[in-house]
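Asks: Residue numbers (my numbering), protein chains in the order written: chain A, 55 to 160; chain B, 20 to 271.
There may be inaccurate statements among the hints.
Derived list of chain A stretches under chain B, where covered just means 3 residues or more per stretch with a C-beta under 8 Å from a C-beta of chain B [what the hints assert, rightly or not]:
#, segment
1, 74-80
2, 112-126
In silico SDA-like cross-links for lysine to any residue, where the CA-CA straight-line distance does not exceed 25 Å [stated by the list, open to error]:
#, chain 1, residue 1, chain 2, residue 2
3, A, Lys65, B, Asp59
4, B, Lys246, B, Ser234
5, A, Lys75, B, Ala73
6, B, Lys57, A, Ala155
7, A, Lys75, B, Leu60
8, B, Lys98, B, Glu140
Read the hints as simulated data drawn from the structure, not as lab findings. Values in this document were obtained by computation on a predicted structure and should not be read as measured data. Think of the CB as a built atom: it goes at the ideal place given N, C-alpha and C, for glycine as much as any other residue.
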Amino acid sequence: MARALINVPQKSKRGEIIEIKTLMSHPMETGFRPGMDGQLIPRDIIEKFVCTYNGEVVFSAQLHPAITANPFISFTTIATDSGTLVFSWTDNKGETQVQTASIQVE
Amino acid sequence: MNRLAYLVVIGIALPAFAQDARKSGFDFMGPDTQAMQKDDLANPGMLSVLEGEALWKANAGTSQKSCASCHDDATQSIKGVAARYPAFDETTQAPLDLAGRIIQCRTERQGAPAPQREGRELLALTSYVAHQSRDLPIAPPKDARLASTRAQGAALYSTRMGQLNFSCAQCHDDNAGGHLGAAPIPQAHPTGYPLYRLEWQALGSLQRRFRNCLSGMRAEPIAAGSKEAIALELFLMERAAGIHLETPAVRP
Numbered sequence: 055m056a057r058a059l060i061n062v063p064q065k066s067k068r069g070e071i072i073e074i075k076t077l078m079s080h081p082m083e084t085g086f087r088p089g090m091d092g093q094l095i096p097r098d099i100i101e102k103f104v105c106t107y108n109g110e111v112v113f114s115a116q117l118h119p120a121i122t123a124n125p126f127i128s129f130t131t132i133a134t135d136s137g138t139l140v141f142s143w144t145d146n147k148g149e150t151q152v153q154t155a156s157i158q159v160e
Numbered sequence: 020m021n022r023l024a025y026l027v028v029i030g031i032a033l034p035a036f037a038q039d040a041r042k043s044g045f046d047f048m049g050p051d052t053q054a055m056q057k058d059d060l061a062n063p064g065m066l067s068v069l070e071g072e073a074l075w076k077a078n079a080g081t082s083q084k085s086c087a088s089c090h091d092d093a094t095q096s097i098k099g100v101a102a103r104y105p106a107f108d109e110t111t112q113a114p115l116d117l118a119g120r121i122i123q124c125r126t127e128r129q130g131a132p133a134p135q136r137e138g139r140e141l142l143a144l145t146s147y148v149a150h151q152s153r154d155l156p157i158a159p160p161k162d163a164r165l166a167s168t169r170a171q172g173a174a175l176y177s178t179r180m181g182q183l184n185f186s187c188a189q190c191h192d193d194n195a196g197g198h199l200g201a202a203p204i205p206q207a208h209p210t211g212y213p214l215y216r217l218e219w220q221a222l223g224s225l226q227r228r229f230r231n232c233l234s235g236m237r238a239e240p241i242a243a244g245s246k247e248a249i250a251l252e253l254f255l256m257e258r259a260a261g262i263h264l265e266t267p268a269v270r271p
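Between the sequences and the hints, there should be enough to build the whole structure, so can you do that?
Replies: Structure representation (structure tokens):
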């Protein structure tokens with residue numbers, strides 16, 4: 055079971071630049087490493103990360119095999135309205151994990 | 020005051036002023052790695068702590084009891100426990116490390132399968148338990164029954180081993196503060212375990228760290244949970260008495 059730590063300011067002023075930090079629990083197994091039995095460990099990586107803010111994409115990233123386990127992604131956006139941020143991580147098998155956070159803008 | 024009394028007063032006062040030259044591995048790290056450890060929302064070790072919290076509250080084994088069924092709120096009941104381990108175990112009449120105690124509770128009291136050393140479940144539970152002692156000073160128990168094993172650990176620490184014929188003390192006492200290649204050599208205080216090591220890309224135990232150094236020395240790694248591993252751990256905890264715990268620490 056994977057889980058994520060997300061840091062979004064709970065309250066913000068309209069027009070302010072806010073920093074968002076996410077830390078996702080994931081092995082980011084490259085697919086290039088042999089295991090104890092000499093066989094390659096199958097690739098298991100997150101390929102896509104997307105953050106939407108009230109439905110609009112404000113940040114997205116493509117991830118590749120050389121990226122660390124438990125990827126930490128931080129970015130900034132502008133606080134426009136109160137609402138919800140939705141974070142999604144999609145792996146190379148097409149499975150997506152979603153988490154949300156809310157923000158209050160005054 | 021006569022002269023003798025005066026000397027006694029100085030003798031007692033001096034150690035309090037003498038500066039403690041001991042430093043946690045934290046102090047040898049770069050500012051960015053320190054920042055990563057200090058921010059609970061950037062410290063990857065916290066993912067394990069969170070997982071451990073969920074496991075703490077979940078029923079397990081034939082008893083269908085959770086850790087919390089007996090220990091209740093870990094933030095109160097388990098506070099300070101990790102700072103006192105390894106401890107003497109009455110049932111086996113031998114010193115036991117924290118992970119060993121958790122395995123014992125899992126199997127004997129919860130009736131669950133024994134979690135694997137260095138496995139995800141045991142690391143998560145151990146890091147959750149040890150996290151409850153964060154910022155508390157290491158306080159080894161004053162139990163005379165631990166003395167012989169601790170002495171064995173001290174001997175192991177200063178014995179030359181392996182093809183490179185190094186002892187732990189040669190690096191961690193004689194050359195602490197220097198470098199091995201690009202890596203600063205710390206004083207080997209077990210302050211942050213289980214900890215997230217960037218090189219491992221994962222959380223690992225103190226005993227994994229021992230195996231890491233031992234294989235670097237081209238010496239035979241000591242098995243997890245073995246008497247030697249617990250002896251080394253006992254000695255290092257005594258040597259670090261009073262330094263604060265950091266679990267989950269981050270190390271390069």
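Asks: Output the indices of the hints that this structure fails to meet, ascending.
Replies: none
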